[in-house]
Amino acid sequence: MATSTQRANQLTMADMKGRVDPDWCPGCGDFGVLAAVQKALIELQIPNHNVVTISGIGCSSNFPGYMNTYGMHTLHGRALAVATGLKLANHGLTVLVTGGDGDGFGIGGNHFVHSMRRNVDLLYVVMDNQIYGLTTGQTSPTSRVGMKTKSMPFGNIEAPINPISLALAAGATFVARGYSGEQKHLTELIKQGIEHPGFSFLDVFSPCVTYNHDNTYQWFRPRVKKLEDDSAHDPTNWLTAMEKSLLWGDEIPIGKFFERTDVPTLHGAEPVLDDGPLIHRGLRVPTDAARSFVEELM
Amino acid sequence: MAGHIHTVATDEHMEDGVLISDEFTNPVQRRAMMEKRMRKVTGIEAAVPAPALMGPRNADVTLIGWGSTKGVIEEACEILNNQGISANQLQIRWLVPLHGEAILEILRDSRHSIVVENNYSGQFARYLRSETSFVPDGHIRKYDGEPFMPHHIVEAVKEQLAGKTHLSVPMHEIMV
Numbered sequence: 001m002a003t004s005t006q007r008a009n010q011l012t013m014a015d016m017k018g019r020v021d022p023d024w025c026p027g028c029g030d031f032g033v034l035a036a037v038q039k040a041l042i043e044l045q046i047p048n049h050n051v052v053t054i055s056g057i058g059c060s061s062n063f064p065g066y067m068n069t070y071g072m073h074t075l076h077g078r079a080l081a082v083a084t085g086l087k088l089a090n091h092g093l094t095v096l097v098t099g100g101d102g103d104g105f106g107i108g109g110n111h112f113v114h115s116m117r118r119n120v121d122l123l124y125v126v127m128d129n130q131i132y133g134l135t136t137g138q139t140s141p142t143s144r145v146g147m148k149t150k151s152m153p154f155g156n157i158e159a160p161i162n163p164i165s166l167a168l169a170a171g172a173t174f175v176a177r178g179y180s181g182e183q184k185h186l187t188e189l190i191k192q193g194i195e196h197p198g199f200s201f202l203d204v205f206s207p208c209v210t211y212n213h214d215n216t217y218q219w220f221r222p223r224v225k226k227l228e229d230d231s232a233h234d235p236t237n238w239l240t241a242m243e244k245s246l247l248w249g250d251e252i253p254i255g256k257f258f259e260r261t262d263v264p265t266l267h268g269a270e271p272v273l274d275d276g277p278l279i280h281r282g283l284r285v286p287t288d289a290a291r292s293f294v295e296e297l298m
Numbered sequence: 001m002a003g004h005i006h007t008v009a010t011d012e013h014m015e016d017g018v019l020i021s022d023e024f025t026n027p028v029q030r031r032a033m034m035e036k037r038m039r040k041v042t043g044i045e046a047a048v049p050a051p052a053l054m055g056p057r058n059a060d061v062t063l064i065g066w067g068s069t070k071g072v073i074e075e076a077c078e079i080l081n082n083q084g085i086s087a088n089q090l091q092i093r094w095l096v097p098l099h100g101e102a103i104l105e106i107l108r109d110s111r112h113s114i115v116v117e118n119n120y121s122g123q124f125a126r127y128l129r130s131e132t133s134f135v136p137d138g139h140i141r142k143y144d145g146e147p148f149m150p151h152h153i154v155e156a157v158k159e160q161l162a163g164k165t166h167l168s169v170p171m172h173e174i175m176v
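Top to bottom, those sequences are chains B and F. For the first sequence, the working numbering begins at 1 and goes up steadily by one. For the second sequence, the working numbering begins at 1 and goes up steadily by one.
One or more hints might be untrue.
Using 20 angstroms as the maximum straight-line C-alpha spacing, the simulated SDA-like pairs for lysine to any residue come out as follows [what the hints assert, rightly or not]:
#1 184/B / 252/B
#2 17/B / 21/F
#3 17/B / 183/B
#4 39/B / 68/B
#5 17/B / 24/F
#6 17/B / 4/F
#7 17/B / 16/F
Since the hints were derived computationally from the structure, they do not count as laboratory data.
Can you build the whole structure from these sequences, using the hints too?
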């Protein structure tokens, strides 16, 4: 983007901070994700007025309020639907969608699958804490079998979804997993996801220190292994990426599972947008006709 | 656009989009935002037309309906008028905001009022009562999954004007 170099090396953390501080619990994994997103934008030197952060509902969905970018705090599970519309209306913008596992995989499961299939050009960061935190601790779509919560006091009886496998199967063109406790690695993944042309899915382990006592920092730390440290890992190979996505236990891979750049983005494939973003084009309706139409609606 | 950054928020927020719904709250602003929202409701009530009576004034019976019953009540009124029972209809198109005073003004003059609605518990009659304190003389309800037909309403009106009941539940004829 031509405008991205306009203010090169001038953006600082202070430029990215919203006007209120997060109300997350002390120690929440989301702090690490917020910092990594802000750092990534600074390192890429994307002017904050060219960025939109869109979320649904949940602890992590207050994210746009803590960023100094354009923001939309939308309905539960609907962030990707709003983001798709926004990207088609003004595809010159960098679109970040943020939220949690409940919002994205539960309430918004439908939008998740179809946004990937459509290859909407955006970065979707899911702060995955494997629990519903805002509603004080119920089983979520990524809670492990047997996990005891307020809604399943005898242990979860439902198999969790595997977001990485699901994203690969649904046709996401960039699939990665990060960990809030690995700042540099996470920042790098966010940068790659922003720069990737197409749908970038980034599932981030973001421990809930208040309601999830199973999947803690202590639980993740010895298990997470970076795919980047595995010289045999080839992120262009979909089949091995799928195999790696199934690993869960003593070793859990984090990093970039898969990327392909040969699939057209939704806005790239849409012939109507060949002449540039819709937002910069005239209505092609006479001003007085447009005005009378608006007045009719009022 | 540079210099125009803001957040579009669904939670309570200030005029420039800053969230004030959680611990960063501001009781003065929150109250101002609530009052602003409620002023919009008053604005809508003034901007949309109040309901009006359809059919002859000073009729023997006023049928009150809302939504999909409009046409069938109109047909029932025609039949009743042809049979010498003058009937008119008050069709409510705006439920929220409800034009309570205009509705009361109309119903104050009605000789016999009946709410016609397609549900078991009289949802609209209850809502009308909670908003205006108006209690109708009778009810015609149907809850068999089928729509009203004109003769259902005509016969119910007749039995209610004859003082037989305050609640008619017409039986839907099965036509194969």
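Each hint tested on the structure:
For a cut-off of 20 angstroms, the pair hint linking residue 184/B to residue 252/B stands: about 18 angstroms separates their Cα positions. With a CA separation close to 19 angstroms, the supplied pair residue 17/B and residue 21/F stays within the 20 angstroms bound. This hinted pair checks out: residue 17/B and residue 183/B have alpha carbons roughly 17 angstroms apart, not beyond 20 angstroms. Between residue 39/B and residue 68/B the alpha-carbon distance is near 13 angstroms, which keeps this suggested pair within the 20 angstroms criterion.
With a C-alpha separation of about 15 angstroms, the suggested pair residue 17/B and residue 24/F falls inside the 20 angstroms cut-off, and the hint holds. Using a Cα cut-off of 20 angstroms, the hinted pair residue 17/B and residue 4/F holds, with the two alpha carbons roughly 15 angstroms apart. Between the alpha carbons of residue 17/B and residue 16/F the distance comes to roughly 16 angstroms, so the proposed pair stays at or under 20 angstroms and holds.
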